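Read off the chains here:
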Amino acid sequence: MTPTGRDHLIFRAREEMSCLALLEIRGLCKSFAHVVANADVYLDVEAGTTHAILGENGAGKSTLIKMISGLYRPDSGEIALDGAVQHFASPRDAILAGIGVVHQHFMLIPAMTVAENIVLGTERQRDAATPRQSRLLFNRKRAAVSVQELSESLGLPIDPWAKVETLSVGMQQRVEIVKALYRRARVLILDEPTAVLTPQETEELFAVIRKLNQDGIPVIFISHKLDEVRAVASTVTVMRAGKTVRTAPVADATAAQLANWMVGRDVILQSRKEEVAVGDSVLEVKNLRASDDRKTEKVRGVSFSVRRGEIFGVAGIDGNGQTELVEAIVGLRKVNGGSVHLLDRDIGHMSVGERIARGIAYVPQDRQQDGLILSFSIAENLQLREVSKAPFSRRGWLTRAAARKRAQQLVEEFDVRPPVIDASAGSLSGGNQQKVILAREMSRNPELLVAVQPTRGLDVGAIEGIHRYLLQLRAEGRSILLVSLELDEILSLADRIGVMHAGEMVVVMDNQNVTRESLGLAMTGKWSEKEAIS
Amino acid sequence: MPLYAVLTGLILGGVIMAIAKYNPFAAYAALFSGAFGSPTAIGNTLAGAVPLILAGLGIAVAFRTGLFNIGAEGQYWVGAMAAVWVGYHFPTMPWIVHVPLALGAAMLAGGIWGGVIPGLAKAFVGAHEVITTMMMSYIAILIAHFMVENGPMMAPGYVPQSPTVAASATLPPILPAVFLNSNLSDAFFIAVAAIVVVHIVLFHTTLGYKLRAVGFNARAARYAGMNVPLYTVLALGVSGVLAGLAGGVQMLGVDLQLTDTFQSGYGYTAIVVALLARNNPIGIFFASVFFAALSAGSQIMQINAGVSANMTDVITGIIIFFVATDRLYGYWSQKMRPRRPSSAAAIISGKGESPQ
Amino acid sequence: MNFWMQIFANPELYAATLAMATPIALAAVGGTFSERTGVVNIAMEGIMLVGAFFGVMVAAATHSAWLGMFGGVIAGGLMALALAWPAIRLQSDQVIVGMALNVFAGGLTAFLLNTVYGYNGTPTSTPSLPIVTLPWISHIPFIGQVIGQHDVVVYLMFLFVILGHFTLFHTNLGLRMRAVGEHPEAAETVGISVVKIRYLGVTIGGMLSGLAGVYLSLGMLSSFEVNMTNGRGFIALAAMIFGKWTPFGAFGAALLFGFATALSIALQGSGVSANLVGILPYALTIVALTGLIGRSRPPAADGLPYVATK
Amino acid sequence: PGASALAKSSNANFKVGLVTDIGGLNDHSFNHLAYVGLEAAKAKYGVTVSVVQSHQSSDYFPNLSTYAQQGYNLVIAVGFLMDSAVQKVAKEYPKTKFMIIDDAITGHPNVMSALFDTQQCGYLVGVMSGLMNEQKHIPQINGKNVIGLIGGMNIPPVTSYMAGFIAGVHKVNPKAKVLIDWTNSFTDPGLGKEDALSLISKGADIIFPVAGGTGDGAIAAAKQKNVFAIGVDANQNYLAPKTVMTSALKGVNIATEIAIGDALHNHFKAGLNFFDLKNKGVGFAPPIAAVPKSVLKKVDSFIPLLNSGKINPPSSLS
Ligand SMILES: Nc1ncnc2c1ncn2[C@@H]1O[C@H](COP(=O)(O)OP(=O)(O)OP(=O)(O)O)[C@@H](O)[C@H]1O
Ligand SMILES: Nc1ncnc2c1ncn2[C@@H]1O[C@H](COP(=O)(O)OP(=O)(O)OP(=O)(O)O)[C@@H](O)[C@H]1O
Ligand SMILES: [Mg+2]
Ligand SMILES: [Mg+2]
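Residue numbers (this note's numbering), protein chains in the order written: chain A, 1 to 534; chain B, 535 to 890; chain C, 891 to 1200; chain D, 1201 to 1518.
By construction, these hints were calculated from the structure, which means they are not laboratory data. There may be inaccurate statements among the hints.
[Unchecked claim] What follows is a list of derived Cβ distance ranges for each label pair:
hint	chain 1	residue 1	chain 2	residue 2	range
1	C	Q1035	A	A89	58 to 64 Å
2	A	D346	C	G1181	49 to 55 Å
3	B	H623	D	G1343	52 to 58 Å
A quick note: this is a predicted structure, and the numbers were derived from the prediction, not measured. All C-beta atoms in this analysis are idealised placements derived from N, C-alpha and C, irrespective of residue type, glycine included.
Kindly produce the complete structure, drawing on both the sequences and the hints.
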């Protein structure tokens, strides 16, 4: 019989027993042109355990990972595996040493198939993991077969023929994990793996992590989410400003403590909402229909309304039509049917520009692709949507001074770091890029703010800030359409919650009488009135 | 344009000339005197810079919007044809009307040829502008030949060339007493004016802001409510207008008629001009003068130093090469230049934005 | 009607199509390799010229067209390195470097032609590459006249188009090349050397462009003329884009252009102004592009300098 | 000899400048021939010569002026493209003598225009072709009685050859079919080759390319397909000794040399100067052995008729 993935797992597990994979980081330092990203970082990772790393945006987590995986060279300090000091000249060395990484920004090639992505770079290697294959020819079929076997034996089934660009982020991450294990990783590093996952997917991921631990593979788990850390990790190390400030057994640390270590101050984890009198409806969506780029209808007759002074949360598992719904509302996608009214005016067939003019603000899901022009300065990005209006311009002429003054205000008000309005947006960390977008959208005090995943990948501090801004907007009597995969976010912010499933809004419920469970149920489409009441 | 790059190029060129048994010093002396040695020489150099400035500006505007207009040569000739046609009809028209009319025709023609057609093709079927502008350019040149080779624009008589434009449509020379019988005409002022206008539009108007935004990241621009197809057509249109104007002023200021050679080379040199100037209008002025000087000087270099004309191309190529590889000089400093989104290479492959 | 019959029934039309398509296809496939690995190659025109000249130079010196071909291909490869090095090592703007090489090549070849051989041109004793006659195929009535007898490079072109497709889409190397052109960071993280792969891609491209030049100088003729490429390098650039960065696509585009050129030759007698007839290839390209081809998506990292932060 | 040497040395301060059009000295045509004439004059009279290859049209005027400024006695402009440039400079430098080739400038006392009756030599090689096409015993001749004529561009210096050629063919062989092709380029031998192959495929067994460098490709095609070709401007037999049966000669080199001599000895002839069979300004190269004596005799019999003006071939295609 051909050696399957399961065989090689067992085979490897045995291997691990003999020599414990033990990763040691000693005094690692790395600085870039302007920032010291890592300063004297220490880390010990025991075999078969999960070690969490917590830290604010820009704390230096990814930089550390990139050094461990041979992408960056440390300025100083050592990396040791099994007590042997390693000098990774390139990722190849790290891979051969058994380091497997799932990077924060996926390292997948969208235009290629799952199998192609996974075997890429290993086509020449021959061992139990990879069935015999030609050194010269690339055989799609054989690659697909071996990938399929491995993925199934890992309990992470994927279609090896699928093009990556067609996969959900959750699936893409699965591909990344299989990719790492296909290279027979002895240490698996996950950089913010859950930032993009649905609760269900997160649970599945944790199962995989535990399974790997059982096989003796240690996992380094980077996250901003305290409860996740508590759920999956045994040890936690907190980074702040490039330093490792604390390492402790997870059991001994409360969420509040962890947050405090990360941010260096106390953080309100549960944002409180004061009562706001909800007014008449601002956004009125009536059995809206819209299709995705591949012409399959993703929004199948959705109706709901968002009222003045309320946050309307849209929950749902990724890919159930939320994206298309939002794009149809803001005007990026043409509607197949139904109507969209803003303040009793039909905007269903207006251009994006007209809708902006009528008071729609939009925080897109992909902040780098759609939200910002990375090579523009912060100041220039802040005028992106309303450049034709004061204070940014007068009668077609840019008014630099005024625009800069405005920018300076916003940068301070929204605590963008560094507060340099001439810095290019591309040079900011993810969290701060998001702040720039929010500053731009909210400062227009819009009638309706459409926010998709506004806190994706952000640290508790940043999340706290952004939640505060949203609530503040709400307090000002504005309306917010909040689309999020994070149930907690929805539960803590939304006044009413609509659940999307298979392109329909299966239920709209009042936040008061909703439980995590009923919500989760609704998201999987298994919804019935009875359970709602109970 | 970085000086050391130019110097490196000149030195290397000198070495090559020495190998080819020319005296590099004599050659460069001739080159310089040919370019700046006398008022006439200066006049001709500046005159030679005019079409490069205008076409270069056009190409730069396209680059700024993430588009590669490789067909400026053809747009130049379409503009030239239009200007000459208007120029020799209506000989009775007053100067003040005739010149603007002729130049207007040139700009319109260039705009339609380089902008509207490839622009619409790009905006609506996504036809790559590199192909469309290139093909339109070849077509323009064949039509131009047709016009004068026993075609509708051929002047009566023996020689395949158009009639010369009426006096009322010519751009008068600048200070003929100083730059005596050089090619320098009021076209120069038009070019300078164009620089100012383009600079202001690009960096001080919302239109320019939007053009640049589309160029850097079309998706974000669309999400921000900008009409991307519109600005695509607009950018290529302006690009063509300027290239057409280049042809127009050259006809009314220097050539005064179409002769049966339709290879000015301006359209291609202008691409290099725009790139070396990093699509900066002011920089385009200096880059244009630089190339005009090389071209004018090379002729004298032949006459006075006997250096083959082709040698100038060799040297020019080397200089451009070293300007492009200027990072050689700052190689040690790890500080990487942020990838210019107007990097033509990024644009030709249909992208203004680089993934971060 | 009968007039058109005569034109389209003439096998020479299709033979000419192949002959005119060959240099464009070769250079376009070369360009495809370069850009698939992420380096924009606008220097094909110049590289072709250099290949054409040194092909003749070597052939004239050694009295062997084959050595000449070899020399031309090598020259093309070396020229390509002059693009690869700044593009890969210095993150230079690949289009500026490309334009520089075009200007340089034009000057250099003309300069050498005059200094080495004088204004009479290259020696008439220069051998040219053999015309190949395919065994039985050449006897098949119509087909034989179309594909049965051509310059050897025409058949090499077919070989390289197929080989190119196979390499890009069915070998490990091809997989790596495409990966580097799509997402260099990702390739780097799985241990692929972006630098090596890009050097390879650009060099292969240069050698194929060199061969295209050799075809013009040693294949169709046995001499070099100043600027004898006449913009075919730029047409090849268009063909590459037109062909959506695939060897078969590039070949198809080259065929279309070659056919239109051959047709415009065949239509010369028709009394319509030669200039207007000459428009045909360019007009047809635009029509085809806007009509049937439409959007073509380049490799995601095409033209973007890659910097490995270390 | 001493005297002539003395004369030569004194001639050294007679300076002649040659300005090519953008075709350059590699054009296998009049630019190159003018240069040949210039070198010949230098050798013969010991005059000082200089040449500049124009890079673009806007160079014509500055280049001509430069020579005039630098006190050159005679400035030669090659090609009608410099028509207006020459007229302009001639006005500004009345003391300088100018010569322009292939153009008809009149009314300037210091400008001579050299015009070539290439329709005459075209006529003669046309006659030769017409006769050759009836020599069915010659292997290259296929008996289809078709002749291929390739024009670079539709401009007078080209069309006068072609018009004369066609007239010549039909004079002796009225049934002969003359196919005309245009290449729209003087510098694309590749295209020229395919063009010729297309003509050959239509039955042509004699190819006459009037297309500068493009013609080299046509000759290569003729060689490959083993049919005849006719050289143009200069004797191009060296390109393919068995294929190029003769060449229609255009004595640009001769005209240049003569003009320099005249200017040197102060009988510069302003206005139109025609170069024709009579003054050996045009002619045809000695045919190869494959051309039967009988044919050659017949061809020669036309020379006096042309000289006497009894036959006046058209100089433009109607
Ligand atoms: N290639 C780079 N060049 C310059 N600065 C960089 C680079 N990569 C990271 N930095 C800077 O180093 C610091 C640490 O960045 P890093 O990505 O490691 O933070 P992080 O902890 O991963 O943040 P996040 O949680 O948002 O991912 C930040 O200030 C960032 O701006
Ligand atoms: N979904 C699939 N399930 C199973 N086998 C598949 C699937 N898709 C493709 N294959 C097989 O994989 C091989 C390559 O498929 P693919 O379609 O990618 O080839 P291709 O890109 O068309 O190759 P070429 O470009 O040479 O035609 C073929 O043998 C095909 O049968
Ligand atoms: Mg990170
Ligand atoms: Mg395929």
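To see whether the hints hold, each was checked on the structure:
About 59 Å separates the C-beta atoms of Q1035(C) and A89(A), a value consistent with the hinted range of 58 to 64 Å. For the hinted restraint 49 to 55 Å between D346(A) and G1181(C), the CB-CB distance of approximately 37 Å leaves it violated. At roughly 54 Å, the beta carbons of H623(B) and G1343(D) sit within the given window of 52 to 58 Å.
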